[in-house]
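Engineer: One-letter residues, chain by chain:
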Amino acid sequence: MHMTGITTGAVCVYPNRVAECKKALKELQATEIPIASVATGFPTGQVPLKTRIEEIELAVMDGASEIDIVINRQYALQGNWQGVYDEVQRMKVACGDAQMKTIIAAGDLGTMANVYKASMVCMMAGADFIKTSTGKESVNATLPIGLVMVRAIRKYHQMTGFKVGFKPAGGIRSAKDACTWMSLMKEELGDDWLNAQLFRIGASGLLTDIERQIFHHVTGRYAAGYEMPMS
Amino acid sequence: MAGEHRNENALVDIFKNMPYGPAPEADNVVKAWINDHGGSFGHFINNEWIKPEGRKTYQTKNPSTGQVLATTIQGEETDVDQAVSASRKAYDSWSKTPGHIRARHLYSIARHIQKHMRLMSVVESMDNGKTFRESRDCDVPIVVRHFYHHAGWAQLMDTEMRGWKSIGVVGAIVPWNFPLMLLTWKLAPALAMGNTVVLKPATYTRLSALLLAEICAEAGLPPGVFNVVTGNGAMGSQLATHPDVDKVAFTGSTEVGQKLRRAVAGTGKKLSLELGGKSPVVVFESADLDSAVEGIVDAIWFNQGQVCSAGSKILVQEPVKDQLIMKLKDRLKHLRVGDSLDKTMDMAAIVDESQKKSIEEYVQHARGEGAEVYQATGCFPESGCFYPPTLITNVQTVSKVVREEIFGPVAVLLPFRTAKEAISLANNTNYGLAGSVWTENIGLALEVSLNIKAGTVWVNCHNLFDAAAGFGGYKESGYGRDGGKEGLFEYTRPSWEERLRPEVGEIDYKTFGSTVQQRPTMGNAPITEIPVDGIKMPGIDRTYKMYYGGAQKRPDAPYSRAIYGADGQVFGHVGEGNRKDVRNAVEVAHNAAPGWGKRAAHNRAQIVYYMAENLEIRRNEFAERICKLTGGKLGEGLEEVDLAIHRLFHWGAYCDKYGGTIQETTLYGATMKIHEPVGVIGMACPDEYPLLGFVSLFAPAVIRGNCVVIVPSEKHPLLALDLYQIFDTSDLPGGVVNILTGDRDHITKYLTEHQDIQSMWYFGSAEGSKFVEYTSAVNVKRTWVSYGYKRNWPDREEGQGEEFLYQSVQCKNIWVPMGDIFAN
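Residue numbers (the working numbering), protein chains in the order written: chain A, 1 to 231; chain B, 1001 to 1824.
Simulated from the structure, these hints should not be mistaken for laboratory data. Heads up, some of the hints might be wrong.
[Said to hold, decoys possible] List time: in silico BS3-like cross-link candidates among lysine-lysine, alpha-carbon distance up to 25 Å:
| # | chain 1 | residue 1 | chain 2 | residue 2 |
| --- | --- | --- | --- | --- |
| 1 | B | Lys1790 | A | Lys163 |
| 2 | B | Lys1333 | A | Lys155 |
| 3 | A | Lys155 | B | Lys1553 |
| 4 | A | Lys186 | B | Lys1329 |
| 5 | A | Lys186 | B | Lys1016 |
| 6 | B | Lys1628 | A | Lys186 |
| 7 | B | Lys1333 | A | Lys163 |
Being a predicted model, the structure only gives us computed values, none of them experimental.
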């Protein structure tokens, strides 16, 4: 496996742990692994815009190269898409060179039409990735939501030529789930979207199951969960 | 270690290229099952395997691999006799088995199929060539659902089907595209309603039917209730025409359906036909195009397009035409074609080389016409019987590929501009099985769905099936429904009715109904003299004309027919209708039909009640007229008039109470069954009960929105002609009821031969009944004939039973899915 050079896509932490994380990765000689930080009043975004912007700037300053922001759900539900756009655009400026992932919090948006609109507005405002959810909503990464979002990505690509990445988050816990999401990407967007540059899965509990499935593939026996190191 | 190294390289490659790996389903259990039978199968009769000596055999192959799977036998007539006689014997007890017990049997079958689901799915995929993904997730679950659903109908027959009873032995003939599913669509309702079944599966695909028979026996179904005989098409005809088969249930091509219609004409057998299609997929600019693309995949590439309801004619609104084509081509590039047991495949094999060849010829023909043929796939096998998914553009409405059913993975695409144009294009076909409408505008979706002349219309989806919704066609797609309560009528007859077995010899279909018009008769002409001021004046001559388009019309060729009273004297003359009168009447009936069908039901009811009101004013006059013509007593005449009035009220009441129901399918959404008018119905009335018979026939048809061209009692037509004054004073729009007088069989011939008559009701001789059924085959019109039986018209069941409603409507199921709301 080591020959494949496969690593996690990024390590995702709250802003006040970015500096610590950077230090740890350096000690592990894994500086190539990007640090992502959720910012902008994660998960609700219910803090003033000024604070949200500062949070991004601080995380970037501490060494985060990817920022996961949340959109203003109040604006989205009011149909104030211009407001959503303006905020996301300012956040993109605050990110500087860091990649910006925009969490649309699909579970809060009520309709698939809103999911599509939020996806489009975020991409227009400069999102490098669009992401389903914070993981804290009642509904997170479901396949229908994912389908609507990746079709928005496809449309945006057809219109502008820009490839925007996709990150489902919340509720993806098994290797089988991961395969299903990968086939969604492969079928709807193609093989270009099957790498870390354009596809991430936000899941803290997934790694153990992937390791268990690889164990089965190699030995023909199913591993117990406790046999795998905790992640 | 070298080996490990190679593996690691392979792993690196996989991560780099992210290909699909193979995901084969094991075939070992199927092979073991075939081995249990020594690789060769006989018939399954009386819960036993029967292998008569000296039969030819047929090798069934796996279309994906070309490998021989097993040998089956080609049955002969004596085998059919054996199966039918087993079925007949079993019918004696099965038909008397209480509904609850039959329900337990059907429930047990459903359970046993579930126990063997995997085996059934693998058999089906290996024998037919369809993807395992489909046989596992579609065919077999639908089969299970069908048995559960119909176990319920068996349980409820006494209450929900009051007034109906079983028919007898059903001969079921099914095709190869959904071998198990389509046989189940016949078997489950037939058994639920107390019939027994002899099934002939299609030649290419016999294994799953034989497996099911074995499973039914395991489930405890009594011997003889379900029998399977294998054989060629000729054996199918032997089954259909066997005197002890009371009903033929067929799914297959229109051509074979027509042959069956002719073969059983005049025998008193019931027949239901589920035939071909060229179903439109109408995509509006208001559609979610990405969803439409996936819907089109389900519409035309499901089961390699070998689906009677395949959405093979894509109609797209011009503003989004290029976009849709671009998206479809993009989608085709990663449709995966391959082995039917590989679970990663979107499409698998075509059933047989001959079918593939036929598809190739169609596509070649389109190329020859200058059409653009697009074929691309994500993967395609090097060998085996496969055909790539195909999209044909730049075609015309006259192109063969636009008009004919290809029965393969080939879609044609045509543009349209307005909804009206889309409807015209959708209906510009001899078929009427299904269609789908794609738009996010629910009002538009419903309006277009109601205007597409087809038995099933899916909104924003295609090819969904469920036991609770009937499936079947309009026009040359056949008649009868599989599934739903509407499907039960195909396996029942009114309780009062016994099957007739008329003895009709050969009929010369060319000369039947030919007539020589009458000449003047002297001597017994009616003499009416009216004394005025002491002077005897001849009465004013009354010339009865025919009545169509809301006006009195002279016959096209003015010949007259003398009508005699009970005293043998000429009572009057009526016009002698001919071919051209039929032509004219059908034309005006069609002009009236759309408006009449759209009228509010309340309004139709008012008109019918008004007729009753106006008839009652002339009660005595009509009664006297009846007596003079038929020779009955005045009391009898009055009774007939009163019954006619009663009947008008009965059907007037039904105007707004038979529109349809919501079907409880597995869809998340609403499945609406609409009872639509059949169209223009031709009718030939019986001689007896000249007023009541006439009213009993036209009224149920008219209240359900049909227009009729009706031949009144040949002997006593005057009562019907007297009614046209009542029609005129009751605000009945012109063209709804059209009356042609003359020779019943002569006019019947031209009505039945008319391609734009949707159904023919004939209450005359056994010969005429045979003629009507035989002749109806050409455009697969519905028929309702008396086989010479004289109905007891005053009787409530015989004269105004539920069958009149059944005959007056055709069922359309509209599927409207939901799914906009989620989460908070």
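Engineer: If a hint holds in the structure, say so; if it does not, say that too.
Structural biologist: So, going through the hints one by one against the coordinates:
Restraint check: the Cα-Cα separation between Lys1790(B) and Lys163(A) comes to about 77 Å, which exceeds 25 Å; the hinted pair is violated. Using a Cα cut-off of 25 Å, the hinted pair Lys1333(B) and Lys155(A) holds, with the two alpha carbons roughly 17 Å apart. For the given pair, Lys155(A) sits about 64 Å from Lys1553(B) by alpha-carbon distance, which is inconsistent with the 25 Å threshold. Annotation: proposed proximity of Lys186(A) to Lys1329(B) holds, straight-line Cα distance about 16 Å (limit 25 Å).
Taken as a hint, the Lys186(A) and Lys1016(B) pair is honoured in the structure, with Cα atoms around 13 Å apart against an allowance of 25 Å. With a C-alpha separation of about 84 Å, the suggested pair Lys1628(B) and Lys186(A) falls outside the 25 Å cut-off, and the hint is violated. This hinted pair checks out: Lys1333(B) and Lys163(A) have alpha carbons roughly 20 Å apart, not beyond 25 Å.
Hints 1, 3 and 6 from the list above are not met by this structure, while the remaining hints are.
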